[in-house]
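Undergrad: Note that the protein sequences, when read in sequence, are chains A and B.
Going from the first sequence to the working numbering is simple: count from 1 and add 105.
Going from the second sequence to the working numbering is simple: count from 1 and add 105.
Some hints could be false.
A pair counts as met if it fits within one copy or between any two copies, since identical chains are not told apart.
[Unchecked claim] In silico SDA-like cross-links for lysine to any residue, where the CA-CA straight-line distance does not exceed 25 Å:
| # | residue 1 | residue 2 |
| --- | --- | --- |
| 1 | Lys-204 | Asp-238 |
| 2 | Lys-317 | Ile-233 |
| 3 | Lys-317 | Asn-219 |
| 4 | Lys-204 | Gly-214 |
| 5 | Lys-271 | Leu-189 |
| 6 | Lys-123 | Pro-295 |
| 7 | Lys-123 | Val-300 |
| 8 | Lys-317 | Pro-156 |
| 9 | Lys-232 | Leu-152 |
| 10 | Lys-147 | Val-294 |
| 11 | Lys-187 | Ser-141 |
| 12 | Lys-187 | Ser-216 |
| 13 | Lys-161 | Leu-119 |
Calculated from the structure, these hints are not laboratory results.
There are 2 protein chains.
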Amino acid sequence: MKEKSLTAKNSFSLETIKRLSLYLRNLKRLRDKGGSVISSDKITKFLNVTPEQFRKDLSYFGGFGKRGVGYGVERLIQEIEKILGVNKQRNIAIIGVGKLGSALLGFEGFSKFNLNITYAFDVGADKIGRRRDGILIEDVKNLKQVVKKNNIRIAIISTPPEVAQKITDELVSAGIRGILNFASIVLQVPAYVSVSNVDMACELESLIFFAKKKRSL
Amino acid sequence: MKEKSLTAKNSFSLETIKRLSLYLRNLKRLRDKGGSVISSDKITKFLNVTPEQFRKDLSYFGGFGKRGVGYGVERLIQEIEKILGVNKQRNIAIIGVGKLGSALLGFEGFSKFNLNITYAFDVGADKIGRRRDGILIEDVKNLKQVVKKNNIRIAIISTPPEVAQKITDELVSAGIRGILNFASIVLQVPAYVSVSNVDMACELESLIFFAKKKRSL
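Please build the complete structure, drawing on both the sequences and the hints.
TA: Structure (structure tokens):
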């Protein structure tokens, strides 16, 4: 199946892609339980997604199912992995191995889905040269050089916000194309670099807002 | 995947609320630097938000600025804190004090913004009764009782996905109104409970997708 390119006629959104990621996860669980052919009802169950939404999401990328027959689990996993670009191991670097960075380094939620952090950087003399979860912590001074040399394209920033932009500039100039940002700052990057922000305080604050709206807290 | 349960006349979105959270953070930084009256240009600088958007976001809640005069920093901070519902300390419980939970317990990004986790629960006999970052880790067996007794309304779930729904059911029946969920599972809750999912693997996968689309990875 050839991938369609992202053009104006493709009206799928970030939400579509995030749902693909959810489908993938559920499909893997179903496969582990021994499923081989499966209905869209079963794939979307417990995901708060309708089977119609599921079929629509897949239709952007070519369909893959047969009406009345269901979906081949293994093939669908492969297709979605190909669409997302997680069908191969990628080098992923993390910058900042504090509490949060350490938790991310050993985070099962990544490794279970083939998303392994392979390089780690920090400023701390007590950390540099040590291993955490099998990964050598390198001096952030060598960041650009290591990223370039190893063709790393994806990075996770878990530094204090004060240094996150400087780190970002170095990452971008070294060839990084995607940044998962945990620092509570809006990063400035060129248009060809993707940034995804995981802003936990912001999530918690908006959660409090919506909970307050629904019922007085 | 965040629920928007607002009435039709309120046309502001989840994104509006998240931006309020960003403004609040920037305003506090500016206050710390000694600012007292400030322009919308300055508040939105480095946030990738236009001053027009900022004024529009505030207009849903009543405005607060004077044309040509600017915004009183202290008053605006108070108003946004009141809107978000973070103008007072709230009891927040965390369930699951593994690697991620421990990192969240000590997360400066929370404490800096007055979002203090005040109760912690785990199943591990080696953890129960100990303190981490000053917080006593309690037996998850006592979850319902402690949540009820202390009127806790907001909870953070950082358990393995397998037990997250069971924990959620207990939380809901004990009176929790908002859940920040780090477990990679879609939680089923009644409509009056708000859930915000921080799904890091999902974020990383969609980041890889968009980075791949923009430039071949």
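Undergrad: Each of the hints needs a verdict: does it hold here or not?
TA: Hints and how they fare:
1. Lys-204 x Asp-238: Intra 13 Å, inter 12 Å, cutoff 25 Å: intra and inter.
2. Lys-317 x Ile-233: Classified as neither: same-chain Cα gap 44 Å, cross-chain 31 Å, threshold 25 Å.
3. Lys-317 x Asn-219: Result: close only across copies, 17 Å inter versus 38 Å intra.
4. Lys-204 x Gly-214: Both ways: Lys-204 and Gly-214 sit 17 Å apart in one copy and 12 Å across, limit 25 Å.
5. Lys-271 x Leu-189: Classified as neither: same-chain Cα gap 29 Å, cross-chain 31 Å, threshold 25 Å.
6. Lys-123 x Pro-295: The answer is both: 23 Å in one copy and 23 Å across copies each meet 25 Å.
7. Lys-123 x Val-300: Both: 15 Å inside a copy, 16 Å across copies.
8. Lys-317 x Pro-156: neither (32 Å within a copy, 27 Å between copies)
9. Lys-232 x Leu-152: Neither way: Lys-232 and Leu-152 sit 40 Å apart in one copy and 32 Å across, limit 25 Å.
10. Lys-147 x Val-294: For Lys-147 and Val-294, only the inter-copy Cα distance (19 Å) is at most 25 Å; the intra-copy one is 40 Å.
11. Lys-187 x Ser-141: Answer is within: at 19 Å inside a copy they meet the 25 Å cutoff, but 52 Å across does not.
12. Lys-187 x Ser-216: Answer is within: at 18 Å inside a copy they meet the 25 Å cutoff, but 40 Å across does not.
13. Lys-161 x Leu-119: Cα proximity of Lys-161 and Leu-119: in one copy and across copies (14 Å, 24 Å).
Hint compliance for this structure: hints 2, 5, 8 and 9 are broken, all remaining hints hold.
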